[in-house]
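Given chain A's structure and the hints, the job is docking chain B onto it.
Protein sequences, first through last, are from chains A and B. For the first sequence, numbering that gives the first Met the number 0 begins at 0 and goes up steadily by one. For the second sequence, numbering that gives the first Met the number 0 begins at 0 and goes up steadily by one.
Some hints could be false.
Claimed, not checked - Under the rule of at most 25 angstroms between Cα atoms (straight-line distance), these lysine to any residue pairs were calculated in the SDA-like manner:
1. Lys62/B - Pro239/A
2. Lys213/B - Asp308/B
3. Lys18/A - Ala247/B
4. Lys382/B - Pro239/A
5. Lys110/A - Lys144/B
6. Lys259/A - Arg375/B
7. Lys187/B - Ser79/A
8. Lys118/B - Lys259/A
9. Lys118/B - Arg75/A
10. Lys353/B - Phe22/A
Stated by the list, open to error - Listed below are several chain B residues computed to face chain A (Cβ distance under 10 angstroms; list not exhaustive):
11. Ser116
12. Tyr156
13. Asp160
14. Leu161
15. Ala318
I should point out that these hints are in silico values taken from the structure, not numbers from a laboratory. In this text, all values refer to a predicted model and were calculated from it rather than measured experimentally. No residue lacks a Cβ here, since even glycine has one placed at the ideal position from N, Cα and C.
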Amino acid sequence: MAILLNENTKVIVQGITGKQGTFHARSMIDYGTKVVAGVTPGKGGQEHLGVPVFDSMKEAVEATQATASVIFIPARFTYSAAMEAIDAGINLLTVITEGVPVQDSARIRQKALDNDVVMVGPNCPGLITPEASKIGIIPGEICAKGNVGIVSRSGTLTYEIIQNLTVNSFGQSTCVGLGGDPIKGIGFNECLTLFENDPQTKQIILVGEIGGTGEQQAADLVKKEITKPVYAFIAGQTAPPGKQMGHAGAIVHGKSGTAKEKMRILSEAGITTVKISSEIPLRIKENL
Amino acid sequence: MPVFNNMPMLYEIEGKQLFKENKIPVPRFRAYTDSNSISQFVEEIGSDVMMAKAQALSGGRGKAGLIKKVSSAEAEEYIQSILGRDHRGKPVEIVMLEEPLEIEKEYYLAVMLDNESGKYLIIASSRGGVDIEEVAEHYPDDIFKEYLSIWDVPFSYLFIDLGKNLGFEAKTLTSFTNLMTNMVNMAKQRDLTLVEINPLILTPDKKIIAADSKVVIDGNSDFRQANITSLKSQRDRHTELEFEADQAGISYVQLDGEIGIVSGGAGLSMATCDLLEFFGSSPANFLDVGGGADETKIEKSLEILSRQDIKGIFVNFFAGITRCNDVAHGIINASKKFKIEVPIVIRLVGTNDKEGISILEKNGIKAYGEMEPAARKIIELVKGGN
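Bound-form chain A, shown alone:
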C-alpha cells in the first residue's frame, strides 16, 4: 500500500535536461520510478536518459497519462513550471527547488488546493516508497521496505533518521519530506491522516523544527484522530530563540515556536518525543 506514491505512479521530470534534473532523474530511474517523460521547453522531440522530452507539460501528460511531476528548475522559473503542471492535470506535484519566493509558493499552494492537487515542497527532498518508487532526491540505498511512515520538515535530517531505522531493521512504508519553507504544500496533518488510513503503516515518525505551528496542529490531530503510535523529534532544541515575525506573527500564532514548547505539546498529545534522533528506533523497539 504505502501513501501518495507506488510502483505504478507515472512521473514527469520538469527540467530533466538540466544538471540537477539529469542527475536525480537518473537516480529515480535507477531506483525503479516510472519516469515516463521529461519537459524542457525548446527540447521537445529529443530523448534524454532514454526518456522522451516534451516542450510542454500538456504534451507530456497527453502522451504519457502521467499523474505526477517533479520540478528541478531554478527558483525564478518555478512558479510558472508549477502552474503549468497543475494546468496539465497532474495530481501530485513535488517541488524540489530551494529559494522560491514565498509569494510564488503561496500562489502555487492555492492553485494546487483549488485543483485538488497534492503539492509537496518547495525546498523539499521529495518522497519515497521503498522498493517501489521515489520522487525527488532521497537516497534510495538507505531505505528499506517496512511499516514505519515518516513525515518530516527537514531533508538531510530525514535521511539520518531513515538510515538509523533501516540499520535497526525498521523498514519504511513511505517517507515524505515536506520542505522547510514557511509556505508549502501539504503538511504534517495531511500525511498523518494518510498514514493512519494506510494498512502497511504501523508506526509514524514526525520530524519537526523550530518555528511555525505545524507541530502544534499535528499534536491536535493526533489527540483526536490518530490511533497508531507516533514518535517525534524536533531540531533546534539548543538554538537561541528565533526572532519573531514582528508582533503580527505573535498575535496570530502565539509564542509556541520553540523546540521545547513543541516537544511539550507533542508529548501531551501522547506522542513519544525523543531528544536525540537515534533514540527513535530504540523507543519503537521498547514499545513493540
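What follows is chain B alone, placed relative to chain A:
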C-alpha cells in the same frame, strides 16, 4: 530559510521610503549620518521642533533613549550623542529627523503573508501606539483580522467595513481604504512578508499618517527585488562573516560556542548544533551550505570558519542533492588554501559517498559514516587539546 536565520527586516527609514513611493502617507523625514545641514530640514518642515530617531534593527529604541523630540538647537548635539552608540550589539549609523505630528488617535495596522493560510492577513486595531500583543490579550474584540486570497485585487471597497470598524468616517474613511489598497499592493509588488504600521496616526485635521514602519522582506525574492535586498539594512543585519556567507548563498549564523560546523540542510545543521550541546560542547555557528552545494561553497564555508575563533571543526553531511565528491574536493581545496590549525572531523554519507571518502583517503583524511561517533571524536579532540 530556517527561523534560525536573521529576519530580513528593513530600517524604519527604508520602510518609510517604500511607503512614500507607494503613496502611503508618512511625515517628512531626512536621514543624517552626521549633524550637518539640519537648518535646511527645519526650513523644509517649517517647525522648530522635530523627532530624532536612531535607526536600528532591534527593538527597544525608545527605552534606550534613541528616540527623542528635540528643538533645532538641540538636534545637532543629540544626533552627535547617539551616532555610533551601541544598540544591542550594533552601532547607530543613521539618525532620522522627522516632522512632528499632532495626535488625535493612534491605530495599529499590519499586512502579512500568513504562513498557515498562505493568504494575506490584515490585522488592525483602534488601540495603536502600544504593545499590540497586550491589546490582543486584554481587548481581543478590538483587534480586527481579515484574510485576502493570494489572487485578490485589493480594491478599496474591500476595506470599507474594516475602516468603519476602526471608527473612520467621511474623507478619512476614503484615505484609509486607499491606504489599505496601497499597502497590500506594495506587499505584493515588492515581495514583503510583513508591513506593520504602529502607530498609524490620526491628526486633528483628520489625516492619517504612518508614524513608524516595520517591514520584513522575502530573502528568496532577491532576483526580482534587487533594489530592496541591496539596502543598507540587509548588510547591517549580519555580522561581517554572516554577510560574506550570505553573499555566497550560504546560510550561516554566528554563535559563541567552541566547535565550528559545516553541514547541509537546515534540519541536520540544527540537529548537529543540538548534538554538540548534548555531548558537552557547544556550536560556534549554524551553517547550512544549501541544497546542491558545489565544492566552492564547501571551500568558502571552511574559509569563513578559518577566520572565526574556534577550537575545532565538524563537517557533517548526509548528502542528497549535494554530492560527497564535491564536499571532499571542497575540503581538500580549503585545507591547501587556508590556514586551518584546529582539529577537523568529517562525517560523510549519501550521494556519491564512496567517491568522496576515497578522495579524502588519498589525502590522508579519514571520514566517519555516523554522526554521533564523529561528534564525540571532535569533542574529544577539542577538549583534549586544552
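Given hint Pro239/A paired with Lys62/B - CA-CA distance at most 25 angstroms: holds (23 angstroms)
Status of the hint placing Ser116/B at chain A (closest C-beta pair under 10 angstroms): holds (9 angstroms)
Given pair status - Arg375/B, Lys259/A, alpha carbons within 25 angstroms: holds (24 angstroms)
Hint check: 10 angstroms Cβ-Cβ cutoff, Ala318/B to chain A: It holds, given that the least Cβ distance between Ala318/B and chain A is near 8 angstroms, below 10 angstroms.
25 angstroms limit on alpha-carbon distance, applied to hinted pair Lys353/B and Phe22/A: Holds - the C-alpha atoms of Phe22/A and Lys353/B are around 17 angstroms apart, at most 25 angstroms.
Pair hint outcome, Lys118/B versus Lys259/A [Cα-Cα no greater than 25 angstroms]: Between Lys118/B and Lys259/A the Cα gap is close to 28 angstroms, so the pair fails against 25 angstroms, i.e. violated.
Restraint status (C-alpha distance of Lys110/A to Lys144/B at most 25 angstroms): holds (23 angstroms)
Pair hint Lys18/A and Ala247/B, alpha-carbon separation not exceeding 25 angstroms: holds (20 angstroms)
Residue hint Leu161/B, partner chain A, criterion CB-CB below 10 angstroms: Check failed: Cβ of Leu161/B comes no nearer than 15 angstroms to chain A, outside 10 angstroms.
Hinted pair Lys187/B and Ser79/A, Cα distance within 25 angstroms: holds (17 angstroms)
Satisfaction of hint between Pro239/A and Lys382/B, Cα-Cα up to 25 angstroms: Holds. Lys382/B to Pro239/A sits at ~23 angstroms (cutoff 25 angstroms).
Distance restraint between Lys118/B and Arg75/A, which requires alpha-carbon spacing of 25 angstroms or less: The hint holds at about 21 angstroms.
Hint check: violations occur at hints 2, 8, 12, 13 and 14; the rest are consistent with the structure.
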